[in-house]
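Listed here are the chains, written in short residue letters.
Number of protein chains: 4
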Amino acid sequence: MIIHLSKDITEKEKSALLAKLQELNIKSNLVSTQFRNYIVGIASDDFDIRTIGNLSGIDDIHRVSDNYKMVSRKWKVNNTIIDLGDHVKIGDKELSIMAGPCSIEGEKQIENTVQHLLENNIKIMRGGVFKPRSSPYTFRGYGIDILKLFYKHCSANGIKVITEVMQVSQVEEMIDYVDIFQVGARNSQNFNLLDILGKVDKPVLLKRGISGTIEELLSSAEYIFANGNEKIILCERGIRTFERAYRNTLDLNAVPILKDKSHLPVIVDPSHGIGIRKHVKTMALSAVMSGADGIIVEVHHNPEMALSDGHQSLYHQQASIMYEQLRLTRKFMTENL
Amino acid sequence: MIIHLSKDITEKEKSALLAKLQELNIKSNLVSTQFRNYIVGIASDDFDIRTIGNLSGIDDIHRVSDNYKMVSRKWKVNNTIIDLGDHVKIGDKELSIMAGPCSIEGEKQIENTVQHLLENNIKIMRGGVFKPRSSPYTFRGYGIDILKLFYKHCSANGIKVITEVMQVSQVEEMIDYVDIFQVGARNSQNFNLLDILGKVDKPVLLKRGISGTIEELLSSAEYIFANGNEKIILCERGIRTFERAYRNTLDLNAVPILKDKSHLPVIVDPSHGIGIRKHVKTMALSAVMSGADGIIVEVHHNPEMALSDGHQSLYHQQASIMYEQLRLTRKFMTENL
Amino acid sequence: MIIHLSKDITEKEKSALLAKLQELNIKSNLVSTQFRNYIVGIASDDFDIRTIGNLSGIDDIHRVSDNYKMVSRKWKVNNTIIDLGDHVKIGDKELSIMAGPCSIEGEKQIENTVQHLLENNIKIMRGGVFKPRSSPYTFRGYGIDILKLFYKHCSANGIKVITEVMQVSQVEEMIDYVDIFQVGARNSQNFNLLDILGKVDKPVLLKRGISGTIEELLSSAEYIFANGNEKIILCERGIRTFERAYRNTLDLNAVPILKDKSHLPVIVDPSHGIGIRKHVKTMALSAVMSGADGIIVEVHHNPEMALSDGHQSLYHQQASIMYEQLRLTRKFMTENL
Amino acid sequence: MIIHLSKDITEKEKSALLAKLQELNIKSNLVSTQFRNYIVGIASDDFDIRTIGNLSGIDDIHRVSDNYKMVSRKWKVNNTIIDLGDHVKIGDKELSIMAGPCSIEGEKQIENTVQHLLENNIKIMRGGVFKPRSSPYTFRGYGIDILKLFYKHCSANGIKVITEVMQVSQVEEMIDYVDIFQVGARNSQNFNLLDILGKVDKPVLLKRGISGTIEELLSSAEYIFANGNEKIILCERGIRTFERAYRNTLDLNAVPILKDKSHLPVIVDPSHGIGIRKHVKTMALSAVMSGADGIIVEVHHNPEMALSDGHQSLYHQQASIMYEQLRLTRKFMTENL
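Residue numbers (our numbering), protein chains in the order written: chain A, 1 to 337; chain B, 1 to 337; chain C, 1 to 337; chain D, 1 to 337.
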């Protein structure tokens with residue numbers, strides 16, 4: 001059960017409401033986000049919401065039978081649109097494209113990529129500065145200093161920055177230099193990190209776990225929302241299966257299912273989702289057709305020299321063709337399907 | 001290594017060739033299909049094909065490094081097109097749509113479905129008469145008699161029949177009443193059945209195993225080809241994973257990969273691939289966008305009364321809209337991507 | 001619901017019973033095995049079995065809520081013991097060991113193996129004559145002729161033969177030369193084959209499917225029982241997962257669960273279950289500790305020269321040590337746990 | 001390649017060595033643990049270690065072809081034994097048993113459990129104070145205060161404490177109140193947390209990821225070692241598969257494989273590994289038979305009232321019987337196998 005508190009609810013009314021809920025043996029969680037205040041009540045299935053509906057200080061009450069509550073579409077029918085400023089929105093009519101290298105490797109690379117994005121009218125640049133790597137002896141990213149450089153070039157050109165955050169202490173360090181925090185597949189159930197990201201007013205792109213279920217993805221998103229941040233973007237990036245012909249199994253079933261179950265925008269990562277350069281465009285197009293709100297994709301001005309994931313990064317020229325086709329496809333869908 | 005024998009190779013030339021191969025310690029397999037004769041030679045990787053290239057009776061020689069040979073695109077660059085007659089082709093420019101109920105349940109149902117297909121210009125009707133069911137106490141299909149009825153109505157209306165064959169002895173019994181034999185996921189590695197289907201001149205639609213790899217699917221197809229039947233259609237229908245929000249994980253990565261590795265046409269089954277009626281259309285459209293040559297889909301004039309799979313069968317009216325959109329999408333792709 | 005019919009039930013009583021069931025809207029399946037006659041009734045959960053309990057011709061009635069019925073322990077509390085004659089039993093107190101090569105390769109090999117089994121007091125020899133292979137160009141077994149030789153040597157030495165049957169037509173051909181039919185993982189849901197094996201009076205060892213669930217294994221066993229054969233042995237042989245450090249994931253959880261859910265004996269195949277020779281003994285011992293009634297294991301007098309699965313076959317000397325340890329472990333368990 | 005530096009290596013010798021390695025184009029990582037100093041060099045496969053073998057300041061050089069280096073058995077043949085003090089060791093001849101509730105729920109529960117452990121001569125108590133939970137609205141543990149109480153009771157009774165750490169900032173807060181840090185399955189690739197745990201001198205029990213591979217588990221252990229902590233315990237706790245008859249698939253194949261590939265001790269968690277109380281003992285015994293150095297198991301004085309995982313927690317009386325049988329089994333193995 002989700003109770004929307006009135007903007008002008010008095011402390012006295014709030015106390016009365018909480019007391020009433022306690023009396024009814026309903027566990028209450030106060031959720032205060034950048035937009036408004038809610039109470040999430042965990043009630044039994046046969047609870048009659050009219051019992052409390054007439055209390056003052058309440059705007060609305062919704063029954064939500066899912067285990068996740070705030071991220072469910074059961075109470076919020078309209079799509080959540082995330083506004084990054086400068087007319088950049090995610091979840092809106094326009095397809096969102098986030099492109100850039102796996103890792104930020106240097107100023108030259110940043111400049112090259114920014115130039116490529118400007119030419120293609122791409123508004124969001126991806127690039128890792130903290131890299132989760134299975135071996136401690138491999139490249140783990142250039143860290144906070146290069147992030148500042150990355151952000152400087154992007155903001156100077158009206159481009160938004162998305163980059164991965166890996167631990168609680170990095171959030172504060174990074175916050176002035178990111179427009180979207182990315183949570184990687186390996187941190188999809190790092191609940192302490194999710195808690196902190198719920199306490200900042202920056203959008204969070206949350207990747208599905210390596211073998212995470214759709215329910216787990218939504219529950220992790222719920223952590224962020226319950227801590228106070230409504231600006232959440234879900235990301236399907238492929239799951240681990242037995243198949244060895246490609247890197248991960250991109251689960252496009254997840255797109256219509258997530259759009260059905262949740263009001264949050266859904267982005268697809270075809271680069272990790274198949275892991276083979278020549279097939280990335282096809283899977284990106286398929287993702288758009290499955291209803292994704294956008295694509296996050298690895299591109300590199302010189303993939304052969306990339307410090308990581310070069311084999312799945314698109315050449316800039318390839319990518320330009322892909323962006324064009326993705327937009328055409330979205331337009332086709334809007335007009336015809 | 002694949003050796004194409006000349007149409008007019010003499011027995012003497014053939015013997016000389018086989019002797020030469022034996023001398024070179026190459027294991028030879030004679031493959032005689034409805035179209036031509038080949039020898040599949042299993043040679044070491046560093047074998048120099050020029051060693052035998054000048055023997056007489058040979059049209060061409062190709063090195064194929066895959067474990068599967070005849071179904072590989074490494075020797076046959078052009079797509080295989082399967083001609084069912086009456087201008088019905090699979091793997092051609094036009095999208096193939098196969099639609100019909102999970103099970104053939106009676107004459108009335110057949111008539112209803114045929115009518116629906118005619119109205120929508122669908123040329124291939126699906127429908128099971130032998131049903132693989134995990135419990136022996138459930139409905140297992142109405143068998144050969146209803147197949148005859150099914151075929152009678154379809155052929156009278158210019159519609160081709162595709163239906164599942166489950167065991168060797170059924171092949172002969174069914175052959176006059178089917179246009180395409182379907183091999184189900186559970187029989188994907190029933191090698192004796194594949195052997196027999198390689199000896200008939202009817203197309204075979206081969207489904208990927210429940211947790212079958214792409215390599216295994218192609219190896220199973222190789223069985224059919226090696227026994228003499230080149231008319232093979234590959235079918236992606238979802239794999240088993242841990243995800244419980246839907247029935248199977250439709251693996252659209254498999255489509256570009258299969259099209260890349262093999263010259264055979266690829267069909268996608270969105271009905272089993274997601275198993276939820278309201279999402280079937282979305283996954284069918286995504287499958288087309290991923291490069292599938294066609295779709296096989298469950299429709300029913302009255303899904304609530306279906307003897308099996310009613311929950312994933314489309315209503316006829318829903319399906320009509322879907323066919324239209326699938327064709328529009330294919331047209332869009334041809335003209336724009 | 002399972003109804004045990006009296007041995008001396010009259011046709012009239014049977015008709016009355018079936019009529020009564022039909023009247024009660026219960027779907028009835030007559031199951032006649034080598035031991036007795038049953039009716040499996042598919043009733044709603046709240047059916048009161050006393051409604052029919054007083055009809056004549058009935059010995060007993062059991063409610064079974066599982067989807068599988070005859071193989072459930074819910075009606076038969078005692079373990080099924082399968083008697084192969086000559087004091088060889090499976091599911092009894094003594095641990096069953098089945099050993100032999102992957103494929104029967106020749107008379108010399110048969111003699112070597114028989115000698116090894118005699119020295120170790122092993123009563124059941126395994127060995128394939130029809131081999132399921134993913135490629136049509138690899139060795140597929142020496143067939144029925146070598147089976148006859150295999151059986152001749154074994155029966156002359158009091159050793160029972162277990163070998164894989166792959167298709168319906170082989171059952172009749174093989175029946176005089178096998179003591180246990182083996183159904184491989186790839187045929188675990190070949191329902192037509194299971195039907196036929198239910199109609200013969202020979203034990204069947206049924207392997208779990210490559211990604212088969214425990215429920216599916218029991219449902220496949222139900223097919224055999226429902227067709228009339230109570231002599232079924234379940235076999236855990238590892239499932240397909242993403243792990244690449246070994247061949248299959250041996251699922252020993254399945255052993256206590258199968259023993260809990262079913263009255264049938266459970267055998268474990270550690271050779272396929274891990275696929276690495278040096279670890280086979282450890283997994284065989286663990287399987288015994290998990291409660292398995294026996295082990296089926298690949299041994300070869302010369303694994304380096306084996307036509308298949310040599311890398312996971314034990315040397316005879318290794319195997320002798322293993323047998324001894326398996327028996328000691330079983331004795332330890334009986335006396336101490 | 002692993003280079004053991006001499007205890008008395010001079011700074012000059014070290015510089016010369018590093019310079020030589022750089023000259024040879026070998027990437028060097030200095031690893032300083034609580035026991036000694038190493039250099040991990042990432043060299044090409046055909047590097048001849050004699051090239052540097054004669055430099056001064058070096059005790060030994062080992063070639064290690066695995067991706068993980070320090071945790072590999074390729075350079076350290078003997079088992080690592082972890083000494084917790086007070087004669088409590090892990091990886092030694094004696095079986096290690098860690099038992100206790102899922103969550104620490106209060107002083108009464110702690111006292112009850114300590115009493116139970118004392119009666120059964122169990123030296124290590126498990127119990128969570130920070131709980132990873134998929135929903136933000138469920139119980140997440142009583143935190144640092146109850147940990148202090150937990151530790152007070154245990155240390156007063158000579159019992160060691162193992163508890164889960166979930167984030168970097170908790171390490172310092174917890175370090176005086178834990179004897180073993182536990183890293184849960186969801187944090188198995190939380191590389192920042194692993195880094196920090198490598199910098200403290202406390203043993204770390206590292207659980208395999210929910211769908212983590214054996215290679216990934218060892219690579220995560222490598223993080224801890226490479227940061228300076230040699231005291232690592234590996235833990236198999238079941239992987240996620242499609243099977244629904246139990247909670248996770250306990251992968252006992254992993255035990256002999258981990259023991260073969262690494263010198264680190266291996267512990268098995270049968271509680272999460274099967275998730276059904278009545279089968280926990282069987283899987284614990286099987287784990288011991290598979291070669292595990294110990295068991296970590298959930299017990300509760302009143303499972304029906306447990307705040308989490310009650311259904312898989314053993315009653316104290318059940319557990320006492322299990323401990324006895326586990327020890328008997330280990331003794332049987334030592335004397336007979």
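Don't read these hints as lab results, they were simulated from the structure. Incorrect hints may have been included.
What the hints assert, rightly or not - Below, simulated DSS-like cross-link-like pairs (lysine-lysine); rule was C-alpha separation at most 30 Å, straight line:
1) A:93 to B:27
2) C:148 to B:27
3) D:108 to D:93
Unchecked claim - Pulled from the structure, derived: some chain C residues nowhere near chain D, Cβ distances all over 12 Å:
4) 29
5) 49
6) 59
7) 75
8) 84
9) 132
10) 211
11) 213
12) 239
13) 247
14) 248
15) 283
Unchecked claim - Simulated coverage check for chain A against chain D, where a stretch passes if three residues somewhere in it have a Cβ under 8 Å from a Cβ of chain D:
16) 5-15
17) 165-174
18) 251-264
19) 297-308
Think of the CB as a built atom: it goes at the ideal place given N, C-alpha and C, for glycine as much as any other residue.
### Message
Taking the earlier hints as the rules, which of them does this structure contradict?
### Response
1, 3, 10, 11, 12, 13, 14, 15, 16, 18, 19
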